[in-house]
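**Q** Here's the letter readout for the chains.
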Amino acid sequence: MQLQYFLLLASALFCIGIYGLVTSRNAVRVLMSIELLFNAVNLNLLSFSNYLDSTDIRGQIFAVFVITVAAAEAAVGLAIILSIYRNRETVDMEQFNLLKW
Amino acid sequence: MNLAEGVQNVSFAILAVMMLGAALGVVLLPNIVHSAFLLGGVFISLAGLYLLLNADFVAAAQVLIYVGAVNVLILFAIMLVNRREPYTVVRWGWLRSGATVSVCIGLFAFLGSMIFSTHWALKPIVALPSTVSVIGIHFFTDFLLPFEVASILLLIALVGAIVLARREYLPDEATGEEFELVERPRDPVAALAEAIESPLERPIGRI
Numbered sequence: 001m002q003l004q005y006f007l008l009l010a011s012a013l014f015c016i017g018i019y020g021l022v023t024s025r026n027a028v029r030v031l032m033s034i035e036l037l038f039n040a041v042n043l044n045l046l047s048f049s050n051y052l053d054s055t056d057i058r059g060q061i062f063a064v065f066v067i068t069v070a071a072a073e074a075a076v077g078l079a080i081i082l083s084i085y086r087n088r089e090t091v092d093m094e095q096f097n098l099l100k101w
Numbered sequence: 102m103n104l105a106e107g108v109q110n111v112s113f114a115i116l117a118v119m120m121l122g123a124a125l126g127v128v129l130l131p132n133i134v135h136s137a138f139l140l141g142g143v144f145i146s147l148a149g150l151y152l153l154l155n156a157d158f159v160a161a162a163q164v165l166i167y168v169g170a171v172n173v174l175i176l177f178a179i180m181l182v183n184r185r186e187p188y189t190v191v192r193w194g195w196l197r198s199g200a201t202v203s204v205c206i207g208l209f210a211f212l213g214s215m216i217f218s219t220h221w222a223l224k225p226i227v228a229l230p231s232t233v234s235v236i237g238i239h240f241f242t243d244f245l246l247p248f249e250v251a252s253i254l255l256l257i258a259l260v261g262a263i264v265l266a267r268r269e270y271l272p273d274e275a276t277g278e279e280f281e282l283v284e285r286p287r288d289p290v291a292a293l294a295e296a297i298e299s300p301l302e303r304p305i306g307r308i
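Chains L and D supply the protein sequences, listed in that same order.
So the first sequence is residues 1 to 101, counted in my numbering.
So the second sequence is residues 102 to 308, counted in my numbering.
Source of the hints: derived by calculation from the structure; they are not laboratory data.
Keep in mind that a hint or two might mislead.
Covered stretches of chain L (chain D as the covering partner; in silico rule of three or more C-beta atoms under 8 Å from a C-beta of chain D) [claimed, not checked]:
| hint | segment |
| --- | --- |
| 1 | 2-14 |
| 2 | 55-63 |
Have a look at the derived ranges for each label pair, beta carbon to beta carbon [claimed, not checked]:
| hint | chain 1 | residue 1 | chain 2 | residue 2 | range |
| --- | --- | --- | --- | --- | --- |
| 3 | D | F217 | L | R25 | 30 to 40 Å |
| 4 | L | L52 | D | G199 | 33 to 43 Å |
| 5 | L | T55 | D | R192 | 54 to 64 Å |
| 6 | D | G207 | L | R25 | 44 to 54 Å |
Every residue, glycine too, gets a C-beta built ideally from N, C-alpha and C.
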């Protein structure tokens with residue numbers, strides 16, 4: 001097992017997440033893509049923690065903090081989507097132009 | 102290659118294929134409920150990969166928090182806002198997705214070349230007897246301030262999510278009835294938006 005394979009896998013997951021983040025029309029799918037990005041970063045942190053710092057695992061601490069922030073982000077993001085849906089009655093990202101101009 | 106290494110390689114390949122397939126399904130499937138369930142598959146495959154990286158506590162936290170909390174929360178949000186509407190076709194939409202695909206492939210190629218051209222300062226892997234005690238020692242000695250800040254962040258997120266998602270009532274329109282909560286029928290912003298956009302046709306059908 002090599003470090004490079006894990007990093008390559010994490011970068012593939014990151015690119016898939018960016019594609020979903022840019023091209024999705026549904027707002028909930030945008031949040032799911034953000035979760036994919038968080039998980040790619042976590043995989044990077046844990047592989048570095050295992051292969052470069054295995055006695056003093058600081059990468060796992062960072063991964064736990066990332067998981068915490070991701071949970072908070074998911075809760076607040078879904079609350080925002082619920083609020084927007086009550087006001088605009090749609091979840092289409094193309095129609096959310098309240099602050100555009 | 103001994104037996105343990107072979108088992109690790111095979112399980113890494115299986116988990117990687119599962120994770121990439123499920124992630125592509127999350128992004129590409131048209132039905133968003135299928136996407137949400139495949140997101141749970143991505144999280145479980147990632148927990149397996151974390152076990153391969155000697156991170157048992159983070160794998161357990163991944164299953165508990167992501168699969169048990171975040172995924173269930175996303176499913177609840179889908180059930181609350183899931184309204185099938187035909188999306189209006191955006192001009193130059195194919196150009197947008199094509200440009201995104203090329204940018205993502207370019208980013209992946211860039212990252213891959215960086216990964217395989219960098220000389221990593223690898224160290225031999227030391228198997229810790231228990232990662233939980235090491236993580237706990239870190240949390241209460243040199244990562245104490247971020248730990249407390251994370252708890253305050255969770256409290257703020259809790260309050261903010263409740264404030265944002267709370268349904269608003271109008272208590273001053275009670276018509277003599279004491280125990281009836283009069284719910285606001287429609288928000289004025291939505292009514293205003295519909296009044297503005299009604300000449301423009303919005304091909305939205307409630308199903």
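**Q** Does each hint hold? Answer for all of them.
**A** Here is what the structure says about each hint:
1. Note: the segment 2-14 of chain L has 11 residues with beta-carbon separation from chain D under 8 Å; the three-residue rule is met and the coverage holds.
2. For a cut-off of 8 Å, the count of residues in the segment 55-63 of chain L with a CB near a CB of chain D stands at 7, and the three-residue condition holds.
3. Taken as a hint, the range 30 to 40 Å holds for the pair D:F217 and L:R25, whose Cβ atoms sit roughly 36 Å apart.
4. Separation of L:L52 from D:G199 is about 38 Å and conforms to the stated range, judged on CB atoms against 33 to 43 Å.
5. A hinted range of 54 to 64 Å for the beta carbons of L:T55 and D:R192 is consistent with their spacing of about 57 Å.
6. In this structure the hint that D:G207 and L:R25 lie 44 to 54 Å apart at CB is violated, the actual value being about 24 Å.
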